[in-house]
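*Asks:* In the order they appear, the protein sequences are chains A and D. The numbering used here puts the first residue of the first sequence at 1, with every later residue one more than the last. The numbering used here puts the first residue of the second sequence at 1001, with every later residue one more than the last.
Careful: at least some of the hints might be erroneous.
[To be verified] Each pair of labels, with its calculated beta carbon distance range:
#, chain 1, residue 1, chain 2, residue 2, range
1, D, P1152, A, E336, 42 to 48 angstroms
2, D, D1140, A, D241, 49 to 55 angstroms
3, D, T1072, A, A148, 36 to 42 angstroms
4, D, T1143, A, L266, 46 to 52 angstroms
Just so you know, these hints were derived from the structure itself, not from any lab. All C-beta atoms in this analysis are idealised placements derived from N, C-alpha and C, irrespective of residue type, glycine included.
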Amino acid sequence: VKRRAFLATSLGTAGVIGGLGGTAAVATRWDTEAEPRTRAGDAGDERAHGAEHNAHDSGHGGMGTVGAVDHQRNGFHPLEVLTDFDTGEASRDRSGRTVREYEVVTRPKDIEVAPGVTYPAWTYNSRVPGPTIRASEGDRIRIHLVNASEHPHTMHFHGIHPAAMDGVPGAGEVQPGETFVYDFLAEPFGTHLYHCHSFPLREHIARGLYGAFIVDPPEPRPEAHEMVMVMNGFDTDFDGDNEIYAANTVAFAYADDPIAIRRGDLQRLHLINVTEFDPLNSIHLHGNFFRLYRTGTSMDPDELTDTISMGQAERHMIEFTYRVPGRFMFHAHQTEFTELGWMGAFEVA
Amino acid sequence: MAEAIGPDRRPEPLDRGHAIAAIRERHPESPAPDPPATSGAPDPDDRTQTLRRRSRWLVALPLVGMVLVVATLLALDPIRSLTDTEPVESLALERAVLGDNRVNLHVRNDGYVDLTIAQVMVNDAYWEHTVGQRDLGRFDGTTVSFDYPWEPEIPLHIAVLVDSGEVIEYEIDNPSLTPDLDRPTIGTLGLVGLLMAPIPIALGLAWLPALRRGPGTWFDAAMAFTLGLLAFLVIESAVEGLESALEAPRVLDGIGLFFAGALVTIAVLRASGTVGQSRRAADATWQRPSADGRARPDAAARDGQRTVERSGIRLAWLVAIGIGLHNLGEGLAVGAAINTAEVALGTALVIGFAAHNLTEGVAIAGPLGGSPTRTRAILLIALVAVAGLPVLPGLWLGGFILPAGWAALAFGVAAGALIEVIWAVTTWLRSRGVTITPLTAGGFAAAVVVLYLTGIVTA
């Protein structure tokens, strides 16, 4: 669907989504392609009355993109990616160990990273970031990587594994049309990542070959609303500089569609920084502080803060609870990244 | 016609007589057209008609062939097998209109492919905006508008992101409120234009009486000064013209426009003989004494004096026209720079242009200084007008109507005209026997140095 169609229909249907809220909204939005978008800063009432999307009612003094991304054509919605954990096909071997089998396919795919802007991405399972691989510490993981693209690719996991399973050229690099099975034990527990380690490395990562790898501790953590945000960027004109910054790929995705959470509920957010070209990325939470678990490898928090900076491949787990309803922004505190798409909001009900 | 030239025949020259004979020879038994009622013999006029028709075909033949070549290229698209990459999008900024907290950009797709405007970034932030038309075919233009709290003198960096992810960037180095095209603005620009060119030129021309009263060598120096100025202006026209050419939308082909302007002007001036006339006049005047080696009788001297005056006036006209064309380009370039908000038309800039143009008055005075006869005031005013006034339409058109880049054409025409004027002046001087002396070389150098120094301000 072309952007013009969006703009045309948005005026007519702007009133429809005003009442949407809570997690149920995700499915509805996902199914409706011609949806109006309003900025996270809009008051809920304005949205209910079909606020026209323009510079005057944005609440950000005109900052932001115009139009809406066709998530259906992309094949994934950032709100879906946020809470989509792939625990694989589980079984037990003779010793009683849990074995999880995953199939991952690499293929090129054009992805709309901002309204009307298409990026020729390389993907794991046709989405960026790739599937969030989740297991418990000690589980045996078997990942069948099928290369359906024109370039060699790998899956290089950050974790403890044998050299032969490292996912680098010479150890698990998959040629086009071929398959490789990465077979190792998930350890240590924490918030990790995987990415392609074929060369040129920067190109393979910048094009979208990365994803979250979450290993739960043997003793489960307390019940929480869990989310994954892979902080990434896109160099759409290939000049070695990102034009788009985002969490989970689409610029301003969580500003257009704020993340609905319930007050009092414990929120657990896995943050993974895979941003290319810039040495640092960060997140800042509005109106709250969070407990920081560095690399998610500890049961006890390291720090209580509201902003954390992360280098490339650095990742953390944070926990927080909102006690009052309202809309709370979160964004990179490299403000340039904020205004280039890495910004969103929690809608606390 | 092709069937007439068989493989066993050498093509014959298409001289009419030969051709008729050839046709008769080739078609001896072809039925003759119905003979005219009055005569049994074939009418030679009919033959001529047929040949004319055929020669018309001959003229069209290469064009028809070219159409076939283009059609073949389009139909088979053989280049596609070599590369399937698309050319990069291009979107030229034709006009930036800055209002109170408001920016309007007039842009045009001057690339080789269609494009879609997807997003707009202002100072590295995505910015909400409206676009008249997002899908732009080649040559299509539209307006991108947004509210932005821009501040005077603080550079504004604007980038348009097109659907392919390509980024097209515009830098407004020194933003200032764009004046509206209303009567006060036209008036102000007019005043600025007058101060920039005609008035300084008139002041420069005011040196004419001093030049006449001074020793004869002053005249030689003044003419050398004129020559130096013209040479400098040719180079300046070329540099500024090519600079404007690069600013021009690619579809205009600014560089081609510049050279076409220059070369066509040279061709037209040569063909019209404007320049040659002054040379012949000069020849007639100045070569006569040397031809017979005897002193001229008084009548002849008077006659010669009148011719000197006339040829001097003609030369002054040529110099004024060359300078006028240059000033038209100057006006367009400055207007266009205001247009795309690249420069603020500061007082310093206008002072620089004024000082620069003072020398242009001196250059026009040069050829007139050769004759002691007083030049009529009306003529002087006309010369000033021709040399200086074109800056006004330049400023108005460049500032409000014409997109950046038309200055390239004006500078091209100016460069061509100036080259012809230089040729006329040198021929005139040579015929007069003026040679390179320390004085004339000094005059030439003085013009170049003064223009360089005054040009620093406007660079």
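*Asks:* For which of the previously enumerated hints does the structure constitute a violation, in increasing order of number?
*Replies:* 1, 2
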